[in-house]
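Novice: Given next are the chains, with one letter for each unit.
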Amino acid sequence: MSDVTLTIDGRRVTVPEGTTIWDAAQTLGIDIPVLCHDPRLDPVGVCRVCAVDVGERTLPAACVRAVSPDMEVRTDTQEIMAHRRVLTELLLADQPAVSQREQTTGDDKLYALAREVKVTDIPWPDQSERQPRGQDASSPVIAVDHQACIMCDRCVRACDDIQHNDVITRTGKGYSARIAFDLDVPMGESSCVSCGECVAVCPTGALTHQSLATTDAG
Amino acid sequence: MKQFADSTNATFSDLTETATLCPYCGVGCALNYGSDSEGVIHYAKGRDGASNAGRLCVKGRYGFDYAAHPQRLTRPLIRRDDAYPRGPLSTFSRANSSGPRKPGGIVDYAEVLPHFREATWEEALERAASGLAKVRDTHGAHALAGFGSAKGSNEEAYLFQKFIRTVLGTNNVDHCTRLCHASSVYALIEGIGSGAVTNVVRDVENAEVAVIAGCNPTANHPVAASFMKQAAAKGTGLLAVNVRRPGMASYCEQYCQITPGSDVAFYNAVMHVIIAEDLHDQAFIDQRTEGFEALAKAVKPYTPEAAEAMTGVPAAQITAFARRLGQAQSAMFFWGMGISQHVFGTDNARCLIALALLTGNIGRPGTGLHPLRGQNNVQGASDAGLVPMYYPGYQAVSDASVRERFEQLWNVSLPEQPGLTTAEITHAALEGEIRGLYCMGENPFLSDPDMNQVRKALSSLDCLVVQDLFITETAEFADVILPASAFMEKRGTFTNTDRRVQIGRPVRQPPGQARQDWHILRDLAQRLGHDWDYADESAVFDEFVQAAPLYANLTYDRLGEHGRWYPCPDANSEGERVLFGDQFPIGRGRFVPAELGQAPDLPDDDYPLVLNTGRQLEHWHTGVMTRRSRALDALAPEARVEVHPSDAKRLGITDGSWTTLRSRRGAVEVQAHITRDVALGTLFLPMHFREAAANLLTTPELDPFGKIPQFKICAVALAPLSTPLTPPQPDAVSHAAG
Ligand code: SF4
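Going down the list, the protein sequences come from chains E and D.
Residues 99 to 316 (the numbering used here) are what the first sequence spells out, left to right.
Residues 107 to 844 (the numbering used here) are what the second sequence spells out, left to right.
In isolation and in its complexed conformation, chain D is listed as follows:
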């Protein structure tokens, strides 16, 4: 007879489960890592968080092993003298290099490491501090800039901006929010006086309809997407608008595929119908808003028929969309990079805000504006002042009384000159105006548009200090690389897309001599003569709260295991889910009309197709983390450009075949994926893959308000790889690894 054999594994009796968070997206899923005494993480389990209710997606569930990748930096590195002049060191970082990759696709250490030598912390910190100080003393403080990271905690973001402002003496501090929702935030602050979401994702269950505009939540906010799909199953009508079919379209009542860059025309036409058919909320408009007349006038010419010609969406569909939205008792508006990453990204967002005001859909359950924030802490990093125009809590640098208050709080005198934004910093480096850069956890080489220019900009610096987990593409240009701590090695607060502030907790030690990021900042500040002293992360958080009344009533103790939303009106409150029930921070909401603009870099005979760039489910931004996760790399090892079947047929391209994708700025070699998700005449290339770097192709033009680059439109030509490439441009920058 068979016996029951108990197969308990002894390992699991020793595992500790630590309540922490997912390190990836803005959904901010709460999870437990099961780790052993060596700090090896065995699994991630969803925890009952406010934003995830136990759910996780593939990145949260399987993407945690990057922290233990063998390429982790364990000692500070200093660039060898013979590795100057500064330039890229690995093959795929050099000009005119693309194509079939080596396995893993990450920076090849064999190529890069010989150009650096290991150093002590003493020497590396001295080199970093003196390098930055030298630029400041020779060229002035405004020749320096800092890129912080939306992957760091609120405490790290707060200290980083404080370091750049008080120790280096410039407001040139920014992070990847500039590449993400800067235009949305500008439009929100202008329209309602607050840049954060007015309602949480999960309230979609109370919405009669939800607009899913220019975003692809099933890939980029998967757990948020699961709540949207759940709401749809229970009757919420989802209405999607996009240029590329989002996975969510299958769960939508209606999906309108607009032509690239025609968002304003679409939403103006929707508003036109809503006003013409008297579906607007006149009471809300009268009591809560201003500028309605100007809006009504501006949208008047945008009849559904006129918009059909501009957007490619049949007039009847636009009218149906407007009626469904206009007649609904409650509507939520979700949007993403398809709205924001345009030279008219601010105008696109203005339209969605106007649509919400017009239909009275802010301030009640099941209503609200929700720009889906990308990074796990992009909301918090902006809240903490990691942007050039605001001190912590969106207090304007340009306001003298605010500046005085911060001078008292920080006990320094602060620069008056407003700072430069991310892309402006790169441009200023090319002009020779920015000479030194401190880069903590960002990888502008791959994340910023027009990589050839970024390469020149980074090569032209006098001083580059990079603080990161790995030798990133950006770190190849560095004088000093400081080994930092991964998410699962640090304690800190992170603010998700819902404004929920939650504590992340360490489950392992940084490897070797790698250090906590905030310790590195503190040590550099001390070296440069500033007497920084904090007992621990919670003390940093308390100072941040003191600086930013936005976070009033929050402390580590009160956040506990589950966190709270801000604003948090009193010490016992969970924080507020739905904001602005009675009034907006600026009193009345403002309608800001927008006209359809013209994107730069449009197609012509030589570059007949429009390229869209973005993310895919398994990967994160520049791939530094996800391409070093065995599971995620195995699931999605390589880049594919999405091509419509008819375009593919015309060009002689088959699924999986190699192609050359060329824009006015560069060319990459990449395999094709044939799909009807993209519209005829358009392509999609994910941004994660350095060997087929989307940002080699993108254009550097910026939105005038949010200063966000136009990642979503650039003219390209596609050809099977057998067609010879246009002769390579000579590389303008010499590089040490020649």
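Chain E extracted, bound-state conformation:
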């Protein structure tokens, strides 16, 4: 495989053909914000937060777009910043008021992004007021809050492609689309083996650990 040389934010970089823009940026230490992608997973480009400017009519998602020779990539134009902020606001519009992930492992990626792009007001309607998406507390170890789910598919890929347990899938259409277990049974009754990989990869409070910390006996 041959190498490809391109420019990202004015810096030249050479990577093997087929590398994604997101991975190429990583080699330069440029961290393009992203929610649906994790280096352990095959990219799907659904959250669009990692969109970058390559001089085309639209903004491609860096996590899936492969580099091409002499590509000129910008990751920080005003347009991109605005795009990121609006996407973040839209995702936040129907999030629960408090992130369960911030309460259990302290690493909600959506909230971190909101802080990074300095979201204050959320000028978008909150659909959950009319159509709440529900919770599933049937597993003794994993708490499911569909309201916090952004349908990034990370858990589906972690369950299928990392742990190969093939439990999680998607179901429904439109605003009622959500993740589901087996043939849409409560998680605690499904074939889930509680490995917790879905919790580990979930970027929001949708899949979190049920509280486990105990106080010391000593």
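These aren't lab readings, by the way, just hints derived from the structure by calculation.
On a predicted model such as this, the values are computed, not experimentally measured, just so you know.
Some hints could be false.
As the list claims (entries may be wrong) - Stretch-level coverage of chain E by chain D, calculated; a stretch enters the list once three of its residues show a Cβ under 8 Å from a Cβ in chain D:
| no. | segment |
| --- | --- |
| 1 | 113-125 |
| 2 | 207-220 |
| 3 | 227-234 |
| 4 | 252-262 |
Unchecked claim - Stretches of chain D that chain E covers, calculated by requiring three or more beta carbons in the stretch to come under 8 Å of a beta carbon on chain E:
| no. | segment |
| --- | --- |
| 5 | 156-164 |
| 6 | 495-508 |
By construction, the Cβ of each residue, glycine as well, lies at the ideal position given by its N, Cα and C atoms.
Given the structure of chain E, go ahead and fit chain D with the ligand onto it with the hints provided.
Specialist: Same frame as chain E, but now just chain D with the ligand:
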């Protein structure tokens, strides 16, 4: 308009993430514990370890809270004078007690604690040291024995065996490897000269086929299983052989369900086909092995048709299996307790080794022998000499020159007499030959076969010192209980199934007055007149490396956060993944032919079914840790015996109904789980549950080479609970709690 409300939790800014390991299985997953300044662990996160690449299973992810369980021992305990004669103290440890449990299913402290009193460390150590010394002075050193633990670090294992050998003066030191892969290790040392795996689990991605023999990795080595499943998704052909359908079967090209105890017939027939169809690797056989003729002769009678009658697997399936394996460019062999835990466990393992030699599948990427090691440090504990026949590094106790070298290193004179193994120690206690036992982190009462005999054996001792986190079933019999440290409270090295040596680091302090296990060993040695002095764990490790050239070039500094494999040829090497590319430690590999043997304790009219025992995903061994983990206990709170639907129907048993399960040695009451995973006429009972203790039923017969008990076959009768039990045998042993 809605505002963004930052819901950061202040707790998390104070958490420290410590790079350490999972305390459970031999996969040895690397993880970070997020803990606060009080030592409370809030979560476990997978870390990029060589064996797990960030993955964890349910035990690693959720099973860490046992260390903070309210039952943790915080002060040394001494048995009260009125609690003699020695015997079991809690209901489920007594004879003829089984059935519906109290919540949690763990030893009931209200029943047990009144028979002990708290003591100072000074008094407890004195009592332990003088108790052991008294046995030695009256009955001789060989009346003493020690059970160390594969849950402890290499340093603890090394010091424990050193204590038993140099301070007490006997080679009677062993641990649960004897109940696990002792037969595999025997066969490996005999066949290729090394008892460890020849290749790492993750190399399965380079294998064209992989044999998954007598093991259930999705339950027992879940993260290893995820790499096997991943390889299967990318084209590796998985071939499973088992008596009970393993979860992995769904990902396999072929699954052969053999009848219990027929492994040798199956593999001999596979070798028969491979030789008959000229699929063997003649070049490898010529250059690297010896004894091929004898093997070819031995497998000759095992035609697929003959084997069909012995194994229940159709001849055509055996032939297909042999062809797929024989034609593959590379094959790995994984196996577990279904191979090893038989009176002919060594023969079973010999067959797999022969199969690998026959097909030239050792020493290249995507090939190799991999007995999946159970405990997080069972490889390391064996490496460190926690076995009766070897000093650290598999150097034979019976070799006078080796013994001399160790006498110089340790500056003592060492016993010549070879030591007894785990089950032999129990048997010797029954004969009155073993009078004192020091038990560090093992729970033989539940883990050893034929619990009624173990109960008698423990009751008959003159001195029992138990060092553990909790009052285990075994500790109920103790004179002295020494409160020890949990995995997440200690620093030490642990060697996983891949031979990867990694450092575990503490994230909390032992509760109350509980102490580091190696400090307790050091203090006892000093009390008994041995001048032990180590600056810290790494100094112990350095002495171990000096004793065992196997671990050459490893130090704490070099292990760092990610560890290395042994053997490690030089200071800059990562260690070796694939071993024996050019030759075996014994030169040529040896074919050791095996004939199908007969298991003891087979079914008859009174005991018509075959019981298989083993583990389940959420639990660990005798449940001491996992049943004290809230998450794991909630996921799997009780024992279930697996019954085939046709057997269930015939016996009038429904899913979830209570049954009596009776063997020639005892009976338990347990709920039924109806599943086609078990074959008709066979049952499966997990070993973790004291209120339905599988080892009350199992038979104590041993493999003659590996000395491993036959946990996988015992004849039983199953009946709905309404049928009256056979009259209980009078309890031969009086117990203090009467
Ligand atoms: S696979 Fe083994 S080492 Fe890994 S998390 Fe599970 S129990 Fe722990």
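Novice: Take the hints in turn and mark each one as holding or not.
Specialist: Evaluation of the provided hints:
no. : hint    : result
1   : 113-125 : violated (count 0)
2   : 207-220 : holds (count 7)
3   : 227-234 : violated (count 0)
4   : 252-262 : holds (count 4)
5   : 156-164 : holds (count 6)
6   : 495-508 : violated (count 0)
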